[in-house]
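Next come the chains, spelled out residue by residue.
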Amino acid sequence: MSTDPAEPVIEINALGKSFGKVHALKGVDLEIRRGEFFGFFGPNGAGKTTLLRVLTGQIEPGKGEASVLGIDLPDGAVEVRSRVGVVPEFESPPSFLTGDEYLRFVLRARGMTDANGRVDHWIDFFELGQHRHTLCKDMSKGMRQKIMLGAAFIHEPDLLFLDEPFINLDPLFQMKIQNYLREYIANGGTIFMCSHLLEIAERLCSRLAIIDEGELRGVGTLAELRTEEEDGLAEVFMRMVGRQVADLEREVPPMPVVEGG
Amino acid sequence: MNLLWLLRAMFREEFRLQSSYSSRMSTMAFPAILAVMAFIVAISLPLLEDEMSQDRILLAVHSALLLYGLAVGAFSFLGREMMERRWGHATFLLASPQTLPISFKYTFLVFFLKDLLYYVFMTLLPLTIGLLASIPFTGFAVSSVVLLFFTMTATFLYAISFSFVMSSVYMRSQAVFVALAVSVIGLVVVSGMMQLFDLGLIVPSIAFQFSGDWWALAASLSASLVFSAWAVLLVQDRMESPVVQVESHYDEVAARFSRFGKYQPYLAKEWIDLMRSRTLTKLMTAFVLPLVVLTAFDWFLGTTVSSEIQFSTIFYGGMVGFFGVLIYSWLNNIDYVEYYSTFPVQVPDIVKSKLIMFVILTSGISTTFLVVMTGIKGEWSRLPVSLVVMFSTSIYMVVVTAYLTGLRTNVYLFDTKILSRFAILSIIPLMAITFLAMAEETLGWRMLVAIAVVCMVLATVSRLLLLRIDKKWRHETFTV
Numbered sequence: 123m124s125t126d127p128a129e130p131v132i133e134i135n136a137l138g139k140s141f142g143k144v145h146a147l148k149g150v151d152l153e154i155r156r157g158e159f160f161g162f163f164g165p166n167g168a169g170k171t172t173l174l175r176v177l178t179g180q181i182e183p184g185k186g187e188a189s190v191l192g193i194d195l196p197d198g199a200v201e202v203r204s205r206v207g208v209v210p211e212f213e214s215p216p217s218f219l220t221g222d223e224y225l226r227f228v229l230r231a232r233g234m235t236d237a238n239g240r241v242d243h244w245i246d247f248f249e250l251g252q253h254r255h256t257l258c259k260d261m262s263k264g265m266r267q268k269i270m271l272g273a274a275f276i277h278e279p280d281l282l283f284l285d286e287p288f289i290n291l292d293p294l295f296q297m298k299i300q301n302y303l304r305e306y307i308a309n310g311g312t313i314f315m316c317s318h319l320l321e322i323a324e325r326l327c328s329r330l331a332i333i334d335e336g337e338l339r340g341v342g343t344l345a346e347l348r349t350e351e352e353d354g355l356a357e358v359f360m361r362m363v364g365r366q367v368a369d370l371e372r373e374v375p376p377m378p379v380v381e382g383g
Numbered sequence: 005m006n007l008l009w010l011l012r013a014m015f016r017e018e019f020r021l022q023s024s025y026s027s028r029m030s031t032m033a034f035p036a037i038l039a040v041m042a043f044i045v046a047i048s049l050p051l052l053e054d055e056m057s058q059d060r061i062l063l064a065v066h067s068a069l070l071l072y073g074l075a076v077g078a079f080s081f082l083g084r085e086m087m088e089r090r091w092g093h094a095t096f097l098l099a100s101p102q103t104l105p106i107s108f109k110y111t112f113l114v115f116f117l118k119d120l121l122y123y124v125f126m127t128l129l130p131l132t133i134g135l136l137a138s139i140p141f142t143g144f145a146v147s148s149v150v151l152l153f154f155t156m157t158a159t160f161l162y163a164i165s166f167s168f169v170m171s172s173v174y175m176r177s178q179a180v181f182v183a184l185a186v187s188v189i190g191l192v193v194v195s196g197m198m199q200l201f202d203l204g205l206i207v208p209s210i211a212f213q214f215s216g217d218w219w220a221l222a223a224s225l226s227a228s229l230v231f232s233a234w235a236v237l238l239v240q241d242r243m244e245s246p247v248v249q250v251e252s253h254y255d256e257v258a259a260r261f262s263r264f265g266k267y268q269p270y271l272a273k274e275w276i277d278l279m280r281s282r283t284l285t286k287l288m289t290a291f292v293l294p295l296v297v298l299t300a301f302d303w304f305l306g307t308t309v310s311s312e313i314q315f316s317t318i319f320y321g322g323m324v325g326f327f328g329v330l331i332y333s334w335l336n337n338i339d340y341v342e343y344y345s346t347f348p349v350q351v352p353d354i355v356k357s358k359l360i361m362f363v364i365l366t367s368g369i370s371t372t373f374l375v376v377m378t379g380i381k382g383e384w385s386r387l388p389v390s391l392v393v394m395f396s397t398s399i400y401m402v403v404v405t406a407y408l409t410g411l412r413t414n415v416y417l418f419d420t421k422i423l424s425r426f427a428i429l430s431i432i433p434l435m436a437i438t439f440l441a442m443a444e445e446t447l448g449w450r451m452l453v454a455i456a457v458v459c460m461v462l463a464t465v466s467r468l469l470l471l472r473i474d475k476k477w478r479h480e481t482f483t484v
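Keeping their order, the protein sequence lines are chains A and B.
Just so we're aligned, residue 123 is where the first sequence starts under the working numbering, counting upward by one.
Just so we're aligned, residue 5 is where the second sequence starts under the working numbering, counting upward by one.
FYI, nobody ran anything at the bench for these hints, they're computed from the structure.
The structure presented is a predicted model; accordingly, all values stated were derived computationally and were not measured.
Residues from chain A that face chain B, not an exhaustive set, calculated with beta carbons under 10 Å: (1) GLY179; (2) PRO196; (3) VAL202; (4) SER214; (5) SER217; (6) GLU223; (7) LEU225; (8) LYS259; (9) MET270; (10) PHE283.
Here are the computed lysine to any residue pairs in the SDA-like style, where the Cα-Cα straight-line distance is at most 25 Å: (11) B:LYS266 with A:GLY239; (12) B:LYS476 with A:SER204; (13) B:LYS475 with A:GLY142; (14) A:LYS259 with B:ASP255; (15) B:LYS356 with A:PRO196; (16) A:LYS185 with B:GLU480; (17) A:LYS143 with B:ARG16; (18) B:LYS356 with A:ARG205; (19) B:LYS266 with A:PRO196; (20) B:LYS475 with A:GLU201; (21) B:LYS356 with B:HIS479; (22) A:LYS259 with B:GLN268; (23) A:LYS185 with B:LYS476; (24) B:LYS475 with A:SER140; (25) B:LYS266 with A:GLY198.
We put the CB at the ideal spot given by N, CA and C, even for glycine.
Using the sequences and the hints, build the whole thing.
Laid out in structure tokens, this is it:
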């Protein structure tokens, strides 16, 4: 793993992506350097997952340019995915493999074998010993999320793309994953994370961006983005997406009367 | 929840599901393409008249609908699969009872009605319109085309009702299912051997087709009503699956596929999927059953009706190849593939691993089937040609299917453009082989030369399409 902090690992220039008439990304420019824990935030449907999918070569950009680890997308999609770890939006490991088998499958698909006991390590880390032979389709959502996290970490990638990594995890494991991610960064790794959990993100991220309706509203450290009156990321987020806390605190309008109920 | 409202909502859901994979226009054009195909087939019928009587063609149509209905009617079984895994994060109205105060019996009943109407309007009606349009060229009587529409609908209804009830029985008790299936097959075999009754008694709508006996139609509709009511009553209102723990043995399975290079990890995973999901059994049934039905049909006619033509093993070679499409379709239907979007792999790699698995699965079974058929029919001299035909058509059909539909066979075959290409690429060689196999006595050695030419063309096209799979599917995503 290279540790040159000046080295950009993700470069995006005027990136656009549309789905039919919906413009999910509109001219996004971004540079993320090695060793950063980069948080990417925005309301539902703002374009976060779309950008993550473009950067991991899952979908092709419509306009502009993007490269990851110096590899141009979309042509180098397979090479990018061979060097990064991805936790996707949905916790969906294959139905008929056990957790143990899925991790072995991931290793083989990456041209590796379990010579160093990596599978045991991650099964132990996630405390899945009792469930290692349970079919993924029969696991709880939390267990499936742990398997997807293990599958992203197991080959020790240079860069992690995490889409809501803490979803469905209990508070103990949220803490454990946070500690692991801090250690990963300390060892020279880079993280690009989408999340709605602003409190956790505020503790972890070294730099962040906020996107709304496909456009970047701000990029920088939390200190650079916040005003003197603002306490934390939540307030910065609300301002940048054009909402006020007061809007949300207004009285909930009365429910309409349900007929025939 | 109002039945009509739910029915309409399910129609919209089905239409949007189909449209989401291709386009709205394409989905709407699907029935039009079917109508055109029916028209073309109808005006081509005089070419077959010397080899096949009109009654025989009608029987073939009803047999095809019987198989079609049996294949799409296993709602109780497929319904659970839909809710459990195949569609990843998508949720369907069928699963509404999990969160709303309605029963699974009710949603399955509406789902059954929706599918019946959907298939009648999207398939049978367009076919009938195509036949009606051919009247100026074929001279068919309007009344006989209309009669055919009603008998086709009755046969289809009979088949999906039967399939629905059998799948409901299967979900309740596999032992009872096996007992029932054996009884039904036994009934067919005994009736054929003893010449106790004809095909029309087993499938009453066929009797109505040929005799116009209204009692036969009434019997068909009554049986369908009983089957579907029984099926709905058997639907369980709690869909619970036991938590399954198994012996993890991925590395051992992978070792068996070591000679397949970069496809090794995916083949091992496919194999485990096949075994654990019991798809291997279902898949073999889906592959072998149509062939067995075809054989039984041939044998049944041979023993009960004076038959002008027997199907030769060369014909069976072509049929085995054609039904191979079903296996590829099943391979694509075991599980969702969204997780591959995090792997260093592209869609063509997974398509090719499925093609390799197809060859592994079908080679032995197809060869065995053909050898057994050859033995039964005592046509050993035809076996070498039949094997060449079988392998050529098998490889050709599966490569065409993979090239046209990638990893979403069931879905893309509802896309009008893709269906049209599939129809052109499959029907022409299939008709050529069928015609040549049936005209063996007339053509003599020239048939062998013609078959050799057809097989060489199929092999060449297979090779070309295989090479183009990379280019065609390289930019496809794994996510829906």
